[in-house]
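Student: From first to last, the protein sequence lines stand for chains A and B.
Residue numbering for the first sequence follows our numbering, beginning at 4 and increasing consecutively.
Residue numbering for the second sequence follows our numbering, beginning at 4 and increasing consecutively.
If you're looking for bench data, these hints aren't it; they were derived computationally from the structure.
You can't tell identical chains apart in this list, so a pair holds if it fits in one copy or across any two.
Here are the simulated lysine-lysine pairs, DSBU-like style, with alpha carbons at most 30 Å apart: (1) LYS211 <-> LYS286; (2) LYS29 <-> LYS106; (3) LYS236 <-> LYS211; (4) LYS211 <-> LYS50; (5) LYS136 <-> LYS29; (6) LYS106 <-> LYS236; (7) LYS29 <-> LYS110.
Please read these numbers as outputs of a predicted model, since none were measured by experiment.
There are 2 protein chains.
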Amino acid sequence: MNDLIMLGHGGGGRLTTDLVHNLFLKNFQNSHLEPLNDSALLTIDRKNLSFTTDSYVVSPIFFPGGDIGSLAVHGTVNDLAMSGARPLYLSAAYIIEEGFSLKELEKIVISMATTARSAGIEIVTGDTKVVPKGMADGLYINTAGIGVHEYGPPLEPQRIKKGDAILINGTIGDHGAAVITAREAGFSESRITSDAAALNHLVEKMQKSSIKLHCLRDATRGGMGGILAELAKQAHSYLDIEEKSIPVREEVRGFCEIYGMEPLFLANEGKMVIFCALDDAEKALQILHSDPLGENAAIIGRVTEVDQETGRVIMNTLIGGERIIDQPTGDLVPRIC
Amino acid sequence: MNDLIMLGHGGGGRLTTDLVHNLFLKNFQNSHLEPLNDSALLTIDRKNLSFTTDSYVVSPIFFPGGDIGSLAVHGTVNDLAMSGARPLYLSAAYIIEEGFSLKELEKIVISMATTARSAGIEIVTGDTKVVPKGMADGLYINTAGIGVHEYGPPLEPQRIKKGDAILINGTIGDHGAAVITAREAGFSESRITSDAAALNHLVEKMQKSSIKLHCLRDATRGGMGGILAELAKQAHSYLDIEEKSIPVREEVRGFCEIYGMEPLFLANEGKMVIFCALDDAEKALQILHSDPLGENAAIIGRVTEVDQETGRVIMNTLIGGERIIDQPTGDLVPRIC
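Let the hints inform the model, and build the full structure from the sequences given.
Tutor: Written out as structure tokens, the structure reads:
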């Protein structure tokens with residue numbers, strides 16, 4: 004099995020990290036790719052730009068709180084915003100299975116247009132491919148995006164400092180739970196709604212304040228737990244988080260009990276972890292609370308060490324224990340985005 | 004059938020044009036998208052950039068003269084070069100079918116890396132998704148690209164002038180014939196090699212000369228015939244071309260006789276039509292002939308009228324007749340790129 008691609012290679016966990024290092028990074032090596040952030044930092048004519056891409060293969064295509072089209076806009080907008088860039092332009096490329104409904108395609112395109120407008124970006128170029136029936140699962144969308152840096156240096160893991168506060172802008176696991184429920188039980192059965200949202204305006208509010216922001220990362224594949232473990236490694240830092248401070252909806256907790264999953268590793272599409280100077284944590288929280296996308300925001304932990312050989316995330320559990328949070332190996336839930 | 008996506012919607016012919024106008028342009032409307040060139044022209048901080056995207060779904064994945072990886076680099080590099088931009092950065096996003104061979108993936112990634120290096124661009128960001136077995140056909144790749152304009156205003160159909168010469172940089176139909184032969188008869192049976200190549204260095208040679216270049220377009224899906232018909236419409240021009248001047252390889256001619264196809268509508272991946280001032284046509288031809296990618300270049304026609312209500316391509320045939328060349332309706336050959 005070792006020489007075949009497994010679902011886990013696309014899951015955003017350790018198998019993905021290995022593939023990226025041993026295959027892509029090794030062969031494509033260049034200074035823009037090496038930091039392995041969600042977007043590449045480019046300098047054109049002394050202007051700092053971010054450039055990113057993501058393909059979306061979510062199943063089902065329509066789910067409570069969004070669809071593959073809105074997701075394809077939100078996801079790429081967020082990847083740009085996380086680097087501190089203002090998202091400006093998107094591309095949209097469609098791989099459509101022969102026999103797909105034109106009406107559904109139109110619904111998705113309208114959803115992308117509406118989402119793009121409210122995020123303040125333009126979809127400026129595109130491509131359409133059709134593959135024979137049985138060669139795709141309805142529709143896959145790729146979006147690539149360009150953003151421009153207007154608020155100082157790019158945000159990146161390397162800027163995380165000892166003592167930094169760690170925040171999350173709201174409840175975790177909503178997207179994963181919504182998509183899985185829609186897939187397993189059907190759209191109409193689901194009482195959980197995806198949190199999919201464009202975070203760029205909320206990020207801009209923080210950037211325009213005097214807060215010393217150091218790093219942002221959207222907690223998509225791998226969930227908040229997986230993302231923190233990855234960041235800890237990239238930043239060679241020890242992160243301590245408090246389980247009791249992590250906001251989780253009752254419905255998501257119930258869902259996790261039924262399916263034997265953990266909110267910590269469920270995907271989000273409108274949540275980010277925020278690293279800022281400890282002194283600014285309360286102010287950051289105020290800004291977050293004043294926005295609908297941050298109303299359930301919380302301070303969940305802090306950075307206890309930096310410059311370590313390797314990274315580590317420790318969670319102080321509800322029952323008073325300590326638990327190491329690591330990247331999941333493979334794919335807990337395939338086709339979540 | 005009208006409300007379902009057909010293979011022809013992805014064929015680059017009239018069905019694709021209709022879909023783009025009635026769905027994407029209508030909903031995404033903005034000034035960058037409207038010209039419907041292969042790349043969008045963006046201005047960031049008074050710097051002109053081109054931005055483009057394409058997904059590659061070619062079958063088979065390996066064919067004489069290339070593979071899906073080299074194609075994904077060549078195709079997007081060429082889209083940028085056609086606008087007059089110097090290609091700088093690429094993204095690469097993979098949708099991989101569960102069970103795909105890691106060894107084949109590595110071969111393709113190495114091919115992309117080699118191709119990118121020789122085209123002088125960097126692959127700076129990427130994404131990997133894995134879909135369950137049966138939900139894709141091995142591997143699909145999306146590349147998006149950014150280029151910068153350094154040689155005056157962008158090249159576009161609107162700059163085509165009455166009297167302009169029309170050139171092609173070599174034999175047509177090679178890519179289409181190579182892929183179809185590999186698909187139908189098997190890789191080893193094929194004596195025809197794809198022309199897939201990065202055209203940016205050749206374009207740069209012309210830009211650095213004193214030639215008054217007006218428009219370039221790579222003759223991919225729809226072939227040279229389809230591309231000329233599309234350009235004639237976009238430029239509201241009448242184009243006259245001479246069948247006897249169009250270079251076609253003997254093997255491709257033979258292939259077309261067997262399969263009942265026309266070289267004019269077969270895809271190319273290293274061919275472009277070139278519109279330049281008539282006085283410069285001979286000089287352009289010299290430059291093309293001095294380069295391996297232009298050694299079979301020819302002047303094939305000229306622009307007889309502009310500012311017409313609609314466009315038109317007339318071909319003076321070998322037997323002395325006149326034939327109107329129109330965009331093919333749908334997909335003559337699916338999954339050619």
